[in-house]
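> Chains A and B, in that order, are what the protein sequence lines are. The numbering of the first sequence is UniProt numbering, which starts it at 1 and goes up by one. The numbering of the second sequence is UniProt numbering, which starts it at 1 and goes up by one.
Please note that the accuracy of each hint is not assured.
To be verified - 35 Å max Cα-Cα, derived DSBU-like pairs, lysine-lysine:
| no. | chain 1 | residue 1 | chain 2 | residue 2 |
| --- | --- | --- | --- | --- |
| 1 | A | K69 | B | K203 |
| 2 | A | K79 | B | K161 |
| 3 | B | K203 | B | K109 |
| 4 | B | K97 | A | K85 |
| 5 | B | K161 | A | K55 |
| 6 | A | K96 | B | K203 |
| 7 | B | K109 | A | K89 |
Just so you know, the hints here were simulated from the structure itself, not pulled from any lab data.
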Amino acid sequence: MKLSLEHFDKAFENRIRLQIMSVLVANDSYDFNSLKDLLKVTDGNLASHLKALEKEEYITVTKTFLGRKPNTSYAASDKGRDAFKLHLKALENLIKQQK
Amino acid sequence: MKEKDIYSELSSIRSLMERSAKFISLSGLSGVMAGIYALLGAYTGYRIVYYEASGLTYREYYIDEYSIIFRLFMVAVTVLVFSIGTGILLTVRNARKKGETVWNPVSRKLLLSLLIPLAAGGLFILILLYRGYYGIIAPACLLFYGLALVSGSHYTYPDVKWLGICEIILGLLAALMPGYGLIFWTIGFGLLHILYGSVMHFKYDR
């Protein structure tokens with residue numbers, strides 16, 4: 001059976017990217033370290049996936065300083081929210097087709 | 001992609017969205033303990049006002065002596081410190097058990113949304129104490145505590161909102177019936193906490 005992969009977003013093929021996006025869609029913004037604790041991934045891994053999402057313009061990045069420590073927080077952009085919804089729809093359709 | 005994979009993907013998204021936006025490590029047992037402390041405190045307060053202040057005369061129970069007010073205040077502070085202490089301890093333990101962090105963006109937001117009504121209410125009550133309006137203390141405690149719970153409930157279990165609404169109703173009733181403040185206070189902080197804590201414990205902690 002051929003499955004329709006319409007709306008199936010390549011950017012979300014990776015599980016961690018999809019997870020990052022779900023957190024950002026559910027919250028106004030999330031900072032790097034909290035995201036790392038929540039998803040239980042390494043610094044480098046998280047950073048590279050965030051970079052990829054940033055390149056797609058799915059997320060926006062805000063860099064601030066908490067005292068001397070740099071603090072980077074991420075938020076989902078409108079484009080990212082739409083893409084996330086479409087991707088979920090695509091997953092839903094996949095399930096429907098397989099029934 | 002297999003169907004099973006999609007299901008696990010969807011459920012992992014769901015759980016992440018929930019865990020990242022709601023603080024679910026609040027311990028039900030700490031509610032029960034807070035209720036027990038409140039009952040003990042209310043009993044001590046009752047003894048202070050009704051037994052020791054009066055001898056044989058009846059209805060001499062006015063709370064206007066400074067020593068009595070000071071002692072009641074100390075009882076209230078003790079109950080508060082013990083409740084918060086137990087709450088923090090049990091919540092940290094609960095979070096460890098679930099493998100979650102205690103200090104994260106959600107718990108910060110939860111704390112902030114609780115603290116704003118609580119701090120406003122606390123200061124308001126201190127001002128009333130200072131100006132001698134003792135009758136309004138019990139209703140104000142219940143009312144502001146209820147408002148704090150309703151505002152904090154966005155970041156944790158929805159059940160907390162119902163506890164908050166019950167406290168608000170009790171606060172308003174207490175304001176309608178002056179003289180019964182201690183009874184309403186005991187119901188609101190004692191019985192309701194025990195009831196709510198047990199419900200939470202059996203619903204989420206096990």
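> Each hint needs a verdict: does it hold in this structure or not?
Verification of the hints:
Pair hint A/K69 plus B/K203 does not hold up; C-alpha atoms about 40 Å apart against a cutoff of 35 Å. Taken as a hint, the A/K79 and B/K161 pair is honoured in the structure, with Cα atoms around 33 Å apart against an allowance of 35 Å. About 24 Å separates the Cα atoms of B/K203 and B/K109, which keeps this hinted pair within 35 Å; it holds. Of the pairs offered as hints, the one joining B/K97 and A/K85 holds, with about 33 Å between alpha carbons and a cut-off of 35 Å not exceeded.
As the CA atoms of B/K161 and A/K55 are separated by approximately 40 Å, the hinted pair breaks the 35 Å bound. At roughly 33 Å between alpha-carbon atoms, A/K96 and B/K203 fall within 35 Å of each other, so this suggested pair holds. A distance of roughly 31 Å separates the Cα atoms of B/K109 and A/K89; the hinted pair therefore holds under the 35 Å criterion.
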